[in-house]
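Novice: Please arrange chains G, A and Y on chain F, whose structure you already have, making use of the hints.
For the record, the sequence lines run as chains F, G, A and Y.
One point on numbering: in the numbering used here, the residue at position 321 of the first sequence is 321, and numbering is uninterrupted.
One point on numbering: in the numbering used here, the residue at position 118 of the second sequence is 118, and numbering is uninterrupted.
One point on numbering: in the numbering used here, the residue at position 267 of the third sequence is 267, and numbering is uninterrupted.
One point on numbering: in the numbering used here, the residue at position 98 of the fourth sequence is 98, and numbering is uninterrupted.
Among the clues, some could well be false.
To be clear about the criterion: a stretch of chain F counts as covered by chain Y if any three or more of its residues have a C-beta under 8 Å from a C-beta of chain Y, and this derived list gives those stretches [as the list claims (entries may be wrong)]:
1. 68-79
2. 111-125
3. 269-281
Everything labelled a hint here was simulated from the structure, so no lab data went into it.
Treat the numbers as computed from the prediction; the structure is a model and nothing was measured.
Quick reminder that beta carbons are idealized off the backbone N, C-alpha and C, glycines included.
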Amino acid sequence: MTQRSIQMDEKIISRVDLLNICQDVIEKGNTLLTPGVADYSVVKDVSNLNLDASALPSKISYKSYVFPRTEPVLYYKRSKNDVQLIDVNIDSKKIVILGAKPCDANSLNIMKHLFNWDYSDEFFNMRAKNFIVIGLMCSHFDEYCFCTSVGSSPVSEKGSDIFLIPLDENNYAMKIITDKGKEFITPYSGYLKSGDENRSKRITENVKQPDVAFDSSEVYKWLGENFESPKWEGVGNLCLSCAQCAFVCPVCHCFDITDEDYSYTEGRRMKNWDGCQFGNFTLHASGHNPRDIQSKRYRQRVNHKFRYYVNKFGEILCTGCGRCSRGCPVSVDIKEIVSNCKNDQKELR
Amino acid sequence: MDKQNWEPKIAAFVCNWCTYTGADLAGTSRLKYPANCKIIRVMCSGSIDPVFILKAFERGADGVLVSGCHPNDCHYNAGNFHARRRWDFFHELLDFIGIEKGRLQFSWISASEGKKFADVITKVTEDIKAMGPFTAYKKMNSEFTIDFPEEPSELPEPEFQENSDKETE
Amino acid sequence: MKELIKHARELLENGEVAAVIGYRQVSAKRTKPVIITDPEETSALVFNEYCLNNLAVYLTKARIKLLCKKNDKVLKLAITAKPCDVHSIVALIQENQIDRDTIHIISFNCHGVAKDFGFDFNGDNLASKCITCETHKPLYYDALFGEVKETPQASDTALARIKEIESMPHNERFEFFKSEFDKCIKCYACRAVCPLCYCQRCITDKTIPCWIETSSHQRGNFAWNVIRAFHLSGRCTGCGECDRACPADIPLSLINRKMSMEAKNLFSFVSGRSLETPTLVGSYNEKDNNELFM
Amino acid sequence: MPHTAEIKEIIDESPDTRTFRLRFRDADTADRFEFKAGQFAEYSAFGDGESTFCIASSPTQKDYIECSFKVYGKVTQSLRRLNKGDTIGIRGPYGNWFPLEEFKGKNLLFIAGGIGIAPVRCVINNVLDLRDEFKDITIIYGARSVSDLIYKQEIKEWKARRDIKTVITVDPGGETASWDGEVGFVPAVLEKNAPESENTVVILCGPPVMIKFTMPVLTGLGFKDEFVYTTLENRMKCGLGKCGRCNIGNVYVCKDGPVFTYAEIKKLPQEFNNFKFQIANYKLQIAFLKG
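For reference, chain F alone in the conformation it holds in the complex (with noise of 0.2 Å):
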């Protein structure tokens, strides 16, 4: 994940080539991913793969693949007086993405300081490592898109270990940008052409790109000025306290513990993705609730995304890819609220 980045010349590759290596990456056993309308998933043919630049980003992002939205974390079997422990072997297959956003390409490089500050998180860490990212341009975009806000593009290669463009129908340009890429193409040097990058930066150039709806250092300021702002309440009323957005989000990463039993002796401690939208994210068991109603937890949501993560990380937790937004039961906009935040005459709903 850390590797440097590393300028190489770029390639040309044939749609025909790409599948090839495709079908290799398969038939090796590893997991293939590309993004589909409701969620990455797993490839088994490559016959009809489609690789559209064109697409909206699925339903649901990949993060499931680094950070499974259920996973035992250790196993435990009870005896009269003693408790018998067994940790989990973290499942290491190399998982490739094929096709990337690049909005969700970009969501491992923002939720691994999280996962690393201070304490490792091995299960991340042992999955982030064997993930490798084809990101694919995207020429495409709708009015929840707003990755130009959030420092990304639809051209941005961050994250990506081999970013693609489309040449035309057939034809890719490739760009390998970590180590981790370029040792994951070199077994397939055959199939690549080299190519002009003069040409593919025409294409990148021109493409359509979402408005820049908001400022975000602007934002950071507001909300550090803004707690107790009586706007909160216009989307706390609206909201309907569902955990989709933080579900669907490629880097929402709040989790919750809790112990299964699947015998009458024997169990498992199981991490589980929650959402902070939910009513009892911090109910305590004396019922004391800090974030009771509902405009308390939407102004976290967006607190800890636009300025917390900021301070602590210097990354904005938010790529831009709207998911939240176009999936709300209610059509809460998270770009429309934190573009509307700073306006006085408008409110937050």
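Specialist: Quick look at chains G, A and Y alone, frame taken from chain F:
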């Protein structure tokens, strides 16, 4: 486990006032019936939540029996009437989801029907034996489980332990 | 539209209602809910084929009820509701969650809505609940707007799918639903958007004892979805919001629809159609079908 | 991976509070386990989950560690069902600690309410073991009633010592006929018994309502915010700064806390707006309620 020797595990949720007393009567009358049913006494058939049944399946039951007082005999006047509507739905729902209707059976057994209790238990056990183990649900249960290495220890008696004697007296 | 805005404005200006829950347009083919307390803002209100949300869900929220309390007086709450949303409101009234006297229902003659935002409104993209809809005019209302228009024709694919599932053997059905439920990520969006999921504390939030495992593995997902479907049987009014909200595209409304069909078959009951009849699972009849029981 | 520990002794402190005396099953771990006053650990009751409590025994006590908990939620109920000789899991120690080095040569004032005595007790015992390095020590401890006072045995020992001033109080109505301590709420008792504010460090822990009324008294007596230490607790799961549950503002209570000065807390977002201090010290209440 070979099919020949396989014995189903059945959870029977019975109401305190009628069926449980009926089971008592079956016992004091020395009627014979299979020992596969583990009886769980609840206050009323109306107080049995469908989550109990799912939990029974989760804990490895192959079938479930729910039994209460006859209509109009409920100790709480209407508990079994409410239950009846609910069970209609739940039975249809499980059927639609893919759990055979025979896995979940219902009966009304009064306190005086010791014979009926023995008959119902026999029938349910035979039905479920004919259907075989509930492998589909068990497969689902086995996700994220591991086998612990065997070590001799004094384990507390598990509630659902297989019973070696086939019949009780 | 003008009449709607005028009406809402009058209600707020005369102090008859504390707030109007309605829709506002965000882009050509998308609306979103809005809660209006200021008469000036009523101009944002719209009603069209993209008003998908079932706003009845807001009626049970404590914070919305709080809006109605003004100077020791409890004001009414106005809600714009499609005729099918009125069913949900009726169901809520029947279950004593809200009082008919505190709700001012603004409804419309409806000819269907699109299946999701961003789709053209035509027969192909009609929401599945609209295909079999019989109430184009609301059953209960305090104000009615909108002109009567023809609903586009479409085939009932959901029914065909239910029939298809019913024809499968049990083990295949089980595998089908298991794989569908396996997609569940337990975000509980289905619960959040459902107007009839109004419990203050859901059974999944209760952990002593823990009946439904909170982990979203196969078994936990299966238990959650089955129990939710059960809790809605005989109550679901078929608004289809759970389907739309689900980020994993689980066909939740298939099960809900199947259970509604059972309610009709077994008890000739359709949820949310009449304020006079009691709720199905909250009442009983001594003459109910007894075949199930030995 | 939690370590397993055996419950060596169970002490019933009050009708709803229990203390476990624990020893690690693994001798090696027992040797290596070191912590500082104020740190907490995650205790697991296998089958019901984990819960966060402070370590209530002194770091100078090497043979065992102790934790005290009040029965509230799922885990604490489950822990209460355990018997002597049973096994529980311990992860830790986590979080920061009271900077005792900085306290040296100063006067100390301990103020605790209810179960909030647990983390304070750890510091008190630690300090008493190094008695010579500190100046005057005052302990003010209040509980709802006489039976709710915990660590009764130790209180007696503290009272018997000449070199510390111990004031124990119970809320009006909570006293018994034979009660010889003070009657009244902590802030009032504090006003009567407070030492000089000069060169004094305050270690404060108790329910939010107590802290709410104690802080103005302390400020009025001239104590500085930077010298008022407290420990925060929030609902926690991982203890490692990952799960995001205990996050307040920039701070993860489990990593950057739980020990904060009042001056630091003032800088955090006033998430708990009505009571400025509402979050402070809900010792033991972090167990996963819901039940």
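Novice: Output the indices of the hints that this structure fails to meet, ascending.
Specialist: Per hint list: zero violations.
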